[in-house]
Amino acid sequence: MSETASSSTAITGAEIFCRSLQAEGVEVVFGYPGGAVLHIYDALYRQDQVSHVLTRHEQGAVHAAEGYAKSCDKPGVALVTSGPGATNAITGIADAYMDSVPLVVFSGQVPTSLIGNDAFQEVDTVGITRPCVKHNFLVKDVKDLASTIKKAFYVATTGRPGPVVVDIPKDVTAASCEFEYPESIRMRSYNPTSRGHTGQIRKAVDLILSAKQPMIYTGGGVILGKGSGALTEFTRKLGYPITNTLMGLGGYPASDKQYLGMLGMHGTYEANMAMHHADVLIAIGARFDDRVTGNIEKFCPHAKIVHVDVDPSSISKNVKVDVPIVGEVEPVLRELIKALGENGGKPDAEALATWWKQIEEWQAQDCLKYDQNSELIKPQYVVQKFWELTQGDAFVTSDVGQHQMWAAQFYRFDKPNRWINSGGLGTMGVGLPFAMGVQFAHPDATVGCITGEASIQMCIQELSTCFQYQLPLKILNLNNRYLGMVRQWQEFFYQGRYAMSYMDALPDFVKLAEAYGHVGIQVTQPGDVEGAIKEALAQKERLVFLDFITDQSENVYPMIPAGAGQNEMILV
Amino acid sequence: MRHIISVLLENEAGALSRVAGLFSARGYNIESLTVAPTDDPSLSRMTIVTSGSDEIVEQITKQLNKLIDVIKLLDMTAYPHIEREMALVKVRVPEAADREEVKRLADIFRARIIDVTHETYVIEITGEGSKLDAFLDALRSFPVLEVVRSGVMGIARGEVALQI
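In order, the protein sequences belong to chains R and H. Counting from 1, one number per residue, gives the positions in the first sequence under my numbering. Counting from 573, one number per residue, gives the positions in the second sequence under my numbering.
Keep in mind the hints are simulated off the structure, nothing from the lab. Just so you know, not all the hints are guaranteed correct.
Said to hold, decoys possible - Some but not every residue of chain R turned toward chain H, in silico, with C-beta under 10 Å:
no.	residue
1	V155
2	T157
3	D311
Don't be surprised by glycine CBs; every beta carbon is placed ideally from N, CA and C.
Kindly produce the complete structure, drawing on both the sequences and the hints.
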């Protein structure tokens, strides 16, 4: 790598790639080499500013880049080869698209002269990824490489963030030209809105102050938009109740008394009931997903709605809103706080007191209660203990299913960027590679991966990556020998016909962890849960795989069944 | 309701498939779609005729705007505007009497015969879609060999203009 080369010297596309990443301040790339990216890997080898993490599968690389990005304020970067390298990356790219994760994925491509010839390891990466990226590029000329990389990072990280794919043919990485990395970029076709419309802000404030039964509902946009500080100030100023979506956990401190817990299909009774009875709903960085709204016909029947979102297409997509505000969450919240002060009005204290009294009645249902005296390990108990023993301050990733919901319900996040999961796409297998990415972003932090015996097997090969890079993750495997969420639906809605949901022939996870060079501990008794977690946390340098044999029949409660409204929850 | 949306977008490889892909992925209707570069060769102008409820059309325009290659768009339906479509029609006219009659019909519709052989005419006609339909209907008693329709182009009347 010609680090000393002056800008007037021609360098290769592969070197331009490295220099561009350096210019973007990229510290780590997750990837997997192959034929089409050999020049790039050679150039990476000959420099030492950008480090490369070798995963064991391209899916793991992209998920690790997502975990990295979700846990800090930098975009994730992944590098894969052409053909199967790119197709293996698709799940991660689609996952990042659904959850608006800022990601730049570089894929190798066959040489430009062979494109379209069904060449070895050729796929139309730009075509395949088009429906699941914020944008993508095929770089056909080395002269366009640096400016395309600049655009890719700009598009991925601004507005509503998302994944951007840059497909680079092999001959482009071999060709040379002078390197100049643009300081800034302007695109006439892309100008995301940041500040909210002043008139709309005033209208919103009037509506917010007129509320008798207000509710604040916030989502992942608060985390992505670094708005949790402003949200906390705004919410406390008003004294209104607040709920977070699955993606928005940690956006508002869970230990605060105004917080009603998560809402939605497996949200708390009080959060969903307060939504249903609200007369003014303040939605911030949330997208009215079907897992949140339940039956859209029955959603918030009495509420006037204010909706703040950076993406205009999120507004009035599923639910018609009364006061839309397009803009970034943080500046809009600051403007709202300012406008509240200028308005001079105060929330209706009397109405609010009555409203809180009603909410407390709902809270008295204690909807998250579970059997504390069971002979079997209750999965909720494991999560609760992990929360207690980490003082609620760990980074927690999860996979998808029952354990994900229990993690969301029982690990109470007081800070943003601590809860890393796949909300939109619902991708099993993300938990372990997410956790790897988080640990790279926060080398000294405690990173827990709450998973299940089915999900963990979908990217289990990454245990090898964890050994290579000595990542001291704490894996909590809630092992109920079932695809738990599938089993739960089969129990409720298919008269207990458990089609293909029993996980037969499971590996011995302790031996498996040991085979990969880690520590494995199996826990079968409720009395041993606390000790095992303590031991895992004490092993600061080692990855510990805790295999908890949990109660097979446990279900996630409460639940809004499909087609029901938010006030029609099934309680325990 | 039927809407006619004009879109200015980057004249780049793949831009058309981004638009077409958006419509198929989200299940929106496309009645017709025409596209060509503008006088500024870095830009393409596309006219899309679609239909849907107000909510759906609002989403269509928002989703189109969200595409990185889309620079600007205008839902013409909201403004007085002009729509034009072109058709080329090849019709078999071996008999002199047929040629007379087809020529007469073409004149009535202000269509032009632009190619003549012993056996066939090619007729060019422009106008609103309904006019083209009426012309094709009038030709029904003759053996029409081929019909090529361009899809709709549109432009707003008066001061309203889609430009960057």
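Verification of the supplied hints:
1. V155: holds, 6 Å
2. T157: violated, 14 Å
3. D311: holds, 7 Å
In the structure shown, a violation is registered for the earlier hint numbered 2 alone.
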